[in-house]
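Keeping the supplied structure of chain A fixed, place chain B upon it in accordance with the hints.
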Amino acid sequence: MLAFIVRRLIGLVVVLWAVVTFTFLLIRITPGGPFDRERKLPASIEQELLKRHKLDGTEGRAWGIRVGAEFGLKEGLRIALGNAGSLGQQYFSYLGDLLHGDLRLSTKYRDRSVNEILAETLPVSMLLGGLAFLVASTVGVWLGCYAASHRDGWGDHAAMFSAIGAISVPTFVTGPLAILLVAILLPIFPVGGLNGLWSLILPALVLASPYVAYIARLTRTSMLETLGQDFIRTARAKGLPEREVVYKHALKVAILPVVSFLGPLAANLLTGSIVVEAVFNLPGMGGFFVNSILNRDGFLLGGVVIVYCAFLVLMNLVVDVAYTLLDRRIRLF
Amino acid sequence: MDAATAPALVLDAPPSLRLSVVTKASLVYLLLVALGAIFVPSLLPEGFGQPSPQQYLPPGAEGHLLGTDLNGRDLLYRVFTGARISLLVGLAGALIALFVGTGYGILAGYVGGRTDDWMMRGVDVLYAVPRLIFILLLVYAVEQPLRAWLFATFRDTALVGLAQYTKIVILIFSLGLIEWLTMARIVRGQVLALKSLQFVSAARSLGQTNWKIITRHLLPNLAGIITVYLTLTIPAVMLDESFMSFLGLGVDASQASWGTLLADGANVINPVKSYWWLLLFPGLLMSTTLLALNFLGDGLRDALDPRRRER
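So the protein lines, in turn, are chains A and B.
Residue numbers are given in my numbering: position 211 of the first sequence equals residue 211, and the series is strictly consecutive.
Residue numbers are given in my numbering: position 161 of the second sequence equals residue 161, and the series is strictly consecutive.
Excised from the complex, chain A in its bound form:
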């Protein structure tokens, strides 16, 4: 078991490296730089900024041009090689900083480091996402079990109808509507902003609603399949009460596909939701994801993506371990 976990953690490092490389190259190759403005900055200031953010790569460029000259290449090729050298130098120095745990300065929010920004916003997102995750998994699984065990009854139909409904209504409709109804017309919840745990309840419910529906549908399908199996007939034949058959015997098997959905879901929710955080005016991490791309803020984007991927891989690891605990037939290690 330990060897398996260690192997997966090594895999995590490889994944992070690949993702960092991918985003770094993408943001550097696509047109537009972090310091492009409507009016072009004076060359000296731009140089200064590039230097401060370790994006100049002068030595790499000089090295590329020198190598190009040595091989007697044409001018155009030499410049291309110089650009490649410059990019290479920037990339390797970035990797070096990352290995020291330094996510660098944001190029947009000049005086703040990415570490600082993440340390401030990630806990908010994690708290909101954690609440939403709890709601989505518990309510979703319970609703799915209920619908499956009352198959084709009106409860089943009502649950599945509202599930498709909840999947169809986007959170940027439910969010503002919820604010209007239970924060403005009936002032039960605060309108927005972060002010204690109570202010996170409504955003968490809004964030959870489509996932509740999704998990309920998934659970119902899987549960119906399980309820048709032989060991359930045995359990019923033993005279176990139906409640025990569904929630104790069948659920243990039926929950497996749900568990594998929960891994990526947890990573998604814990790293913040752009819409819900914007609608409820919460200082979470979600907004930085979009803004960092729009501002060509490569280091901030890098930090956000690293956090997201690390969560994703770790949660998938948790799922795999949970699988072996839930289903003894599966052996990973």
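The hints are simulated quantities; they were obtained by calculation from the structure and are not laboratory data.
Virtual Cβ for every residue (Gly too), placed ideally from N, Cα, C.
Don't take each hint at face value.
What the hints assert, rightly or not - Computed spacing ranges between beta-carbons, pair by pair:
#1 A:72 - B:208: 54 to 60 Å
#2 A:14 - B:127: 14 to 20 Å
#3 B:125 - A:329: 26 to 32 Å
#4 B:60 - A:115: 50 to 56 Å
Frame of chain A, contents of chain B only:
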């Protein structure tokens, strides 16, 4: 499926679809929305779509059935012109996803073996990457150059007018290019099952080329499942588009989609004074349309695959 009992060219093609009431109702509703998108804006009085001083009229006031917005434009007009954009993006994006996903799925499933493994591993990786990165970078990498190219090539011709559509076209392509993953998985699974059946081996032993086997024998059998997932991809693409527009990154403001309207509507919800109709009506129309599309997809799936209904 049992190979011995399946020599038919087209398997299980239902002679007539048995659709549930909900599915039929969804279909009718979608047709109504589409008709509304086509005709309603031109049926409204002249000038309803133009900015006017009558801002924030509540629903029903002065002939404005759904009220007016910040610029005094009629909301009914805007909701249905928005429907044009949203439905167009959804349909076109889903079609692109359909072509890419089906092609990829057939290739992976038909070739099989290690190629299949690698292609599906690629799909798994793409599932994990945040899709927003792709859309944003694609839009930003392609839009400016394309627009510049259009201006340079068609400078004194009428075609320069195309430049205003670059953003929406790129958006459609990038949404289509990220929503094909599920389609690829489903199609691949079906192809894997189909290609081991007797009629495919029969066709092969008669010397049919791979291309003919795919187009004549596999595609007709895939048509049903492809239709189902097409109906389910449309709402997914529409949700993505409205999400982008909500963030202000989607279609240009001149071509407001439902997402744009919803973003405007969400902005005027505040404790002081809420112009609720600007949020409620676009939200209602969009949600019911997505609901109908999802019901239609589910209903078609049940009708085409009776085994699923049992679950």
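Evaluated hints:
For the hinted restraint 54 to 60 Å between residue 72 (chain A) and residue 208 (chain B), the CB-CB distance of approximately 56 Å keeps it satisfied. About 18 Å separates the C-beta atoms of residue 14 (chain A) and residue 127 (chain B), a value consistent with the hinted range of 14 to 20 Å. A hinted range of 26 to 32 Å for the beta carbons of residue 125 (chain B) and residue 329 (chain A) is consistent with their spacing of about 28 Å. Separation of residue 60 (chain B) from residue 115 (chain A) is about 55 Å and conforms to the stated range, judged on CB atoms against 50 to 56 Å.
Taken one by one, the earlier hints all hold for this structure without exception.
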